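Listed below are the residues making up each chain.
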Amino acid sequence: MSYTGWILLTASLVGLSCGLIGCLLILRRMAMMADAISHTVLLGIVIAFLITRELSGVHMLIGATLAGLLTAVLVQWLHTTGVQQEASIGIVFTTLFAIGVVLIATKVGNAHLDVQHALMGEITFIPWETVELPIVGAVPQAVLMLSSVLVVVLVVLLALYKEWKITSFDPALAASLGLPVVLLHYLFMAMVSMTTVAAFDAVGAIMVVAMLITPAASAYLWTDRLAVMLALSGGIGVLSAFIGYYIAAWLDTSISGSMAFATGILFMISFIGSPKYGMASRWTKPPEPAEAPPRA
Amino acid sequence: MDPVLQVNQLNASYRKNKVLTDVQFQIAPGTLTGIIGPNGAGKSTLLKVLLELHPRLSGTVSFFGTTYAKAKSRIGYVPQRGTVDWDFPTNALDVVMMGLYGKIGWLRWPTRKHRELALQALNEMGMADYAERQISQLSGGQQQRVFLARALVQDADLYFLDEPLAGVDAATERAIMNTLKLLKEQGKTVLVVHHDLQTVADYFDHVFMLNRTVVAHGPTADVFHQNNIYRTYGGTIRWMGEKSG
Amino acid sequence: MILGLSHNAQWVLASTLILGMAAGVVGCLAYWKRQSLMSDALSHAALPGVIIGFVLAGSKNMPVMILGAAVSALLGAMMIQWIRTSSRVKEDAAMGMVLSVFFGLGIMLLTWVNRMPGGNQSGLDSFIFGQAASMVREDVYTMAITALLILAVSLIGYKEWKLYLFDPAFAKGVGLSRATMNVIYIVLLVVVIVIGIQAVGVILMAALLIMPSVSARYWTHSFGWMMVLSAVFGGVSGLAGTWISTMGQGWPTGPFIVIAAAALFVLSLSFGMRKGLLVIALQHRAQRKKLSGTAMSSSAVQRGGWG
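Protein chains in written order, with the numbering used here: chain A, 1 to 296; chain B, 1 to 245; chain C, 1 to 307.
Please keep in mind that the hints were generated in silico from the structure rather than gathered at the bench. This structure is a prediction, so every number in the text was calculated from the model and none was measured. In this text, a Cβ means the ideal position worked out from N, Cα and C, and glycines have one as well.
To give an idea of the chain B side of the interface with chain A (calculated C-beta under 8 angstroms), a few residues:
no., residue
1, Leu53
2, Pro89
3, Trp109
4, Pro110
5, Gln134
From just these sequences and the hints, can you work out the full model?
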């Protein structure tokens with residue numbers, strides 16, 4: 001595949017996994033948890049590096065997933081001691097992220113691990129760091145990792161589809177039906193961390209946040225069905241990746257920054273133009289009376 | 001007959017305030033009980049503690065002579081309408097089907113059979129025409145009926161409802177009360193947190209008067225009288241007077 | 001120790017002290033508005049404005065860049081408000097979007113500027129993690145004076161803030177316009193963020209607003225003392241973090257300030273007199289003793305002693 005092809009494939013995989021996970025994130029009102037986790041995975045990566053002295057995919061994935069879970073646990077714990085949820089998130093992620101940055105700036109000092117890279121990713125290098133696979137041949141490492149994560153996300157999402165739906169919509173009912181709500185919460189946080197770190201290396205922390213939240217929020221404005229929202233969100237994620245890439249190529253600027261910006265453009269289009277829940281819906285149809293008979 | 005619910009010496013607190021003190025009662029099968037009491041009396045907390053959604057400090061609770069965990073499938077719960085996000089991308093039928101998730105089990109998807117059960121429950125609540133409607137586009141009363149339909153499909157033996165009549169229209173109120181009476185006639189047991197003293201005598205055969213502890217509990221005709229109402233609500237009024245003074 | 005530093009470094013330390021105090025005070029307001037993460041969204045949203053300010057001024061002109069940052073952060077605040085009130089998208093998602101999309105735009109512009117001739121030497125990168133050492137005398141003055149102004153506005157309006165945060169409906173009743181207070185609050189928040197980003201950086205600026213106020217809450221129940229303590233904690237964090245960061249070549253300031261603030265938070269959480277963990281543990285123990293006292297004595301009688 002061509003150089004551009006690999007970059008577009010990598011970014012599309014990011015858009016797809018993030019778009020899927022993002023729907024549940026915003027429905028569970030945990031968008032800012034995603035922001036927090038995307039920052040704290042840096043600490044996980046640094047510590048994994050300090051212990052193993054190598055920057056392999058698997059170590060990073062484990063370290064970052066643990067850091068993500070640690071974030072979720074700490075935020076929850078602080079909240080139970082009486083700190084506002086928002087403030088707990090703010091405290092935990094800035095602290096863990098600052099420790100990560102300081103470790104890099106003072107101790108690690110390694111060319112492979114720099115903060116700039118962590119924030120903005122290095123998608124331009126991705127096509128060159130390949131691994132040999134049977135049948136398909138040389139494949140960029142990031143593509144391999146992102147595809148595996150996408151498969152895991154899809155399997156967990158589909159296998160527990162109704163469980164995700166009910167714990168997101170009505171956790172009290174879910175608990176009274178005997179579902180392990182807390183366990184599912186941490187499983188979800190682990191998925192967010194995993195997706196984040198897989199995407200992190202390619203596109204950096206900030207674009208992960210953009211890809212997690214913005215396509216899902218855009219899709220949320222177009223539909224009333226969760227299944228449709230998931231599909232749309234994944235699609236918008238991929239579309240953002242393409243638009244972002246071509247903007248970056250045109251202006252000769254940061255690819256991940258442009259992709260984050262592209263998610264914003266697509267959101268504004270949805271926000272203004274969606275006939276269902278966008279601004280357009282207010283201009284075209286009058287507000288529906290609550291007790292109106294069904295249209296069917 | 002054995003009680004369906006037996007509560008002994010139950011104590012619970014909410015944000016460091018003691019809300020329930022030495023609550024002790026039992027509920028006989030086939031009764032329709034209204035739980036009444038002033039704001040802050042601990043009505044919702046009591047339900048949550050019974051259903052293990054909120055921790056208890058001490059005391060024992062048994063359902064059908066066994067623990068909550070073992071009796072879970074026989075218990076249905078209708079939380080207050082305000083506890084969920086009605087913008088969630090789903091329709092009325094889907095919400096009702098959620099009541100079946102416990103029976104469907106892990107890793108399985110709902111089938112046509114479950115869909116029909118849910119439709120039937122919606123129909124019983126007069127909501128069949130709204131099955132495909134996005135839930136945010138239902139009125140408050142319709143949302144409450146969807147919630148009740150969801151409880152119906154659980155096909156439980158014991159139901160807990162938290163303020164199902166709060167802020168609903170008259171038609172919904174009638175529909176809900178008819179359904180609850182029907183459940184009772186089928187031999188099921190129903191407990192309802194209720195706020196309107198005017199209707200207690202019409203709606204419930206038993207009344208449970210709570211103000212941080214049990215004030216009175218028994219057949220409505222026997223215990224729902226001026227003296228007990230004053231003992232349940234009067235204390236609060238005096239306490240409020242002291243605070244403002 | 002501090003006296004051993006150069007004259008310029010002493011000025012930088014003094015200015016981050018004042019910045020920390022201003023952030024601590026404004027952070028208290030944000031805490032009680034329950035908008036802790038708003039500061040995070042707004043500081044990220046400031047980045048494109050900084051770069052545009054740089055491009056417009058043609059050089060590293062602090063006042064223009066601060067103005068640009070303020071405009072873009074305010075735009076971000078308005079977008080969050082707009083999305084939240086006129087669509088079904090909730091506030092957390094709106095903040096996350098503004099934060100990441102604005103930051104993405106900032107990175108786009110930054111990369112583009114860095115490619116221009118001379119752009120690489122602009123030191124714009126330091127706005128991401130903060131580099132107090134890169135501040136020149138004028139930057140220090142700008143920051144210190146603005147921070148003092150913020151402190152003054154927050155303290156002069158002390159009782160109005162208290163009313164507005166605690167009981168906005170009542171405040172309206174006594175003739176305090178909620179809309180006006182909202183505007184003043186957002187302006188204070190935005191200004192403290194934009195003057196702070198050069199020293200602390202856009203990514204971590206929020207910490208300096210969030211942590212001191214939460215720490216202060218562990219020591220007092222009074223709003224007034226909370227503001228004072230929060231200012232002290234913020235000031236100490238700013239000072240200590242900056243001082244530590246001067247000890248290494250090219251060490252970023254922001255992360256050290258955050259770690260200093262976090263250390264104060266952990267101390268407060270553990271030993272604070274109001275709801276600190278130690279105090280709560282002691283209270284629990286006392287309560288358990290009292291509770292089990294009656295039960296114990298009866299069972300002790302049955303068992304025939306304390307054995």
